[in-house]
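*Asks:* If you're matching them up, the sequences are chains A, B and C in order.
Residue numbering for the first sequence follows full-length UniProt numbering, starting at 1 and increasing by one per position.
Residue numbering for the second sequence follows full-length UniProt numbering, starting at 1 and increasing by one per position.
Residue numbering for the third sequence follows full-length UniProt numbering, starting at 1 and increasing by one per position.
Don't read these hints as lab results, they were simulated from the structure.
Just so you know, these numbers come straight off a predicted model, no measurement behind them.
Please note that the accuracy of each hint is not assured.
To be verified - Residues on chain B that point at chain A, a partial pick, calculated with CB under 8 Å:
| # | residue |
| --- | --- |
| 1 | P66 |
| 2 | P67 |
| 3 | L146 |
| 4 | G149 |
| 5 | R205 |
Claimed, not checked - Partial list, computed: chain A residues near chain B (C-beta under 8 Å):
| # | residue |
| --- | --- |
| 6 | L93 |
| 7 | L96 |
| 8 | G203 |
| 9 | R205 |
Stated by the list, open to error - EDC-like, lysine to aspartate or glutamate: derived pairs with alpha carbons at most 20 Å apart:
| # | chain 1 | residue 1 | chain 2 | residue 2 |
| --- | --- | --- | --- | --- |
| 10 | B | K36 | A | E72 |
| 11 | C | K36 | B | E150 |
| 12 | B | K156 | C | E150 |
| 13 | A | K35 | C | D158 |
| 14 | A | K156 | B | D158 |
| 15 | C | K36 | B | D158 |
| 16 | C | K35 | B | D12 |
Just so you know, even glycine gets a beta-carbon here, dropped at the ideal spot from N, CA and C.
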Amino acid sequence: MVETAHSPFVKDLITVLDWGGTFIFALSGGLLGVKKRFDLFGVLFLSFVVAVVGGITRDLLIGAVPPAAITEIHYFLIAIVGGLVTFWWYPSLTLLQRKILVLDAVGLGLFAVIGAQKAIDFGINPLMAGILGMLTGIGGGMLRDLLAGEVPFVLKGDIYALAALTGGAVVSIGHVMAISPSISMLLGAAACILLRLLAIFRGWRAPVARWGGDHD
Amino acid sequence: MVETAHSPFVKDLITVLDWGGTFIFALSGGLLGVKKRFDLFGVLFLSFVVAVVGGITRDLLIGAVPPAAITEIHYFLIAIVGGLVTFWWYPSLTLLQRKILVLDAVGLGLFAVIGAQKAIDFGINPLMAGILGMLTGIGGGMLRDLLAGEVPFVLKGDIYALAALTGGAVVSIGHVMAISPSISMLLGAAACILLRLLAIFRGWRAPVARWGGDHD
Amino acid sequence: MVETAHSPFVKDLITVLDWGGTFIFALSGGLLGVKKRFDLFGVLFLSFVVAVVGGITRDLLIGAVPPAAITEIHYFLIAIVGGLVTFWWYPSLTLLQRKILVLDAVGLGLFAVIGAQKAIDFGINPLMAGILGMLTGIGGGMLRDLLAGEVPFVLKGDIYALAALTGGAVVSIGHVMAISPSISMLLGAAACILLRLLAIFRGWRAPVARWGGDHD
């Protein structure tokens with residue numbers, strides 16, 4: 001993490017949220033890996049990918065090299081534990097899929113606001129910092145889907161990227177308005193999670209163009 | 001952009017070409033996104049990807065971090081406008097597909113020579129600078145196809161990567177021969193565009209091995 | 001390459017192994033390219049990708065920018081030669097597929113130990129250095145499969161990533177135990193190659209979860 005003027009409370013908050021989000025994302029990677037009948041190492045690899053690729057992409061793009069997921073080993077360890085959990089308790093987890101979807105919304109919100117804040121801390125302009133927050137949230141899931149041979153689901157009509165973007169945007173707007181990062185991060189995460197839950201439980205969807213389809 | 005000895009004219013020329021190429025590439029991303037029935041955010045994401053991923057990859061590889069597409073917001077804004085245009089006027093654009101293919105050839109030429117020149121400005125050797133020019137031109141389209149669940153079309157028998165490589169190579173050769181960058185960039189772009197148009201209108205194709213096929 | 005305390009013998013050894021691995025990996029890329037009926041440039045591109053993407057990813061992640069495969073042209077030249085060989089002599093090479101699989105095991109072992117050692121030389125902690133060694137070995141093949149429209153085979157039940165990880169881990173453990181890098185690299189490469197050959201000739205496979213499959 002970059003040295004900033006954040007208070008110890010904000011730093012500890014970010015750490016806890018970051019680790020929690022990492023674990024939840026690792027579960028989502030492991031679940032798809034087992035479903036696709038990947039072997040143990042494929043499952044662990046996919047857990048690791050979902051957990052860290054969004055953050056690694058952000059770090060490469062903002063110049064925070066080597067990325068935190070490489071220099072600090074706990075991201076790796078958390079991701080592996082998440083992968084092992086899905087490998088051994090897959091049937092139990094599939095019964096919890098609805099709850100995991102809710103947890104995933106929480107992870108998305110956490111990653112989006114942490115990603116946007118880190119980009120701001122590295123001097124990226126607020127507009128692109130919001131985008132980088134979104135990318136931190138959705139990057140791992142996109143590569144997960146690509147590696148499993150599927151079109152990334154974030155591109156197809158579900159409110160997922162938009163929720164992440166909302167979270168990142170709140171942090172960026174908070175920065176422009178000189179609001180304390182701890183407040184704007186909590187607000188941003190709440191906005192992202194709320195929007196995502198509305199998508200899950202109310203079926204909210206992003207608009208699709210009236211035309212298109214492969215028959216064109 | 002790196003500080004170089006380029007004249008103001010060359011700098012302005014590069015800027016105009018760069019923005020024009022970005023817009024054209026964003027259109028090509030948006031068109032595939034609408035065709036694949038991605039939602040609005042998927043379409044905008046794909047526009048952004050095609051417009052900036054080639055340049056971002058080049059910048060990461062030459063050490064120009066953070067990449068220009070992150071530190072400067074106009075790439076993002078241009079890409080979003082391109083995506084919105086395709087989202088709202090998709091049917092009109094499909095009628096113009098032939099013309100868009102020609103514009104895409106122009107975008108390819110521009111990106112290839114700009115990419116090669118930037119690599120040279122960062123001290124990369126001319127051979128790899130030519131390759132990086134090609135990568136700047138084709139990188140966005142490759143990821144576009146991957147995200148849409150297709151094998152990148154640049155790999156399959158159309159003269160596209162070769163045209164981009166030609167553009168980059170002319171810039172590299174010009175550098176070795178100490179020709180003014182403005183001249184070699186115009187020549188390189190012209191060569192790339194000409195080769196690409198011959199491929200489109202005359203059906204020129206790169207050779208395929210006599211063997212192969214999935215039945216092996 | 002980073003300046004380290006390695007003896008000239010170790011340096012020369014690394015260079016020879018590195019070039020040999022690059023060539024073998026280029027062959028594997030070219031073979032899939034011809035099989036998928038890519039054109040000449042698609043075949044050469046795939047050869048280049050398999051040969052350098054693992055190392056480029058490692059270099060970006062450890063902060064060795066620009067990556068060696070960009071600043072030094074022999075990686076490119078070796079990859080192109082490998083691609084041309086497969087393009088012209090594909091039928092002969094397919095007859096040698098079993099032997100190429102053995103050579104590929106050797107390339108995997110070399111890339112894994114070189115990658116881990118370079119990460120250690122750049123100050124990455126040993127645990128993640130072992131992972132980066134694995135990534136150096138499998139990264140190119142993963143992107144090769146993705147570009148060819150297939151799920152990366154390293155994720156699906158064959159002992160490949162595990163062999164690469166073993167090679168990287170031996171180097172990391174050797175570093176922690178203060179063993180000379182030349183010895184731990186040779187041991188690591190041998191362990192990786194042995195494990196891979198057992199997978200090829202004895203059918204050893206990594207475990208798959210009892211559940212899963214798309215019918216869930």
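*Asks:* Given the hinted pair K36(C) and D158(B), is their alpha-carbon gap at most 20 Å?
*Replies:* holds, 14 Å
*Asks:* Hey, K35(A) versus D158(C), does the alpha-carbon distance stay inside 20 Å?
*Replies:* holds, 17 Å
*Asks:* Tell me if the straight-line CA distance from K36(C) to E150(B) falls inside 20 Å.
*Replies:* holds, 13 Å
*Asks:* Holds or violated: L146(B) as interface residue toward chain A, Cβ cutoff 8 Å?
*Replies:* holds, 6 Å
*Asks:* With a cut-off of 8 Å on the beta carbons, see whether P66(B) makes it to chain A.
*Replies:* With Cβ-Cβ at 5 Å, under 8 Å, it holds.
*Asks:* Hint check: K156(B) vs E150(C), CA-CA at most 20 Å. Holds or violated?
*Replies:* holds, 15 Å
*Asks:* Taking the least C-beta to C-beta distance, is R205(A) closer than 8 Å to chain B?
*Replies:* holds, 7 Å
*Asks:* Quick check on L93(A) please, does its C-beta sit within 8 Å of some C-beta on chain B?
*Replies:* Not OK, violated: L93(A) not within 8 Å of chain B, min 27 Å.
*Asks:* Against chain A, with CB atoms and a cut of 8 Å, does the hint on P67(B) hold up?
*Replies:* holds, 6 Å
*Asks:* Holds or violated: K36(B) and E72(A), Cα atoms, limit 20 Å.
*Replies:* violated, 39 Å
*Asks:* Can the hint on G203(A) be confirmed by a CB-to-CB distance to chain B that is less than 8 Å?
*Replies:* violated, 13 Å
*Asks:* Would you mind confirming whether the straight-line C-alpha gap from K35(C) to D12(B) stays at or under 20 Å?
*Replies:* violated, 45 Å
Consistency with the previously given hints fails for numbers 5, 6, 7, 8, 10, 14, 16, ordered from lowest to highest.
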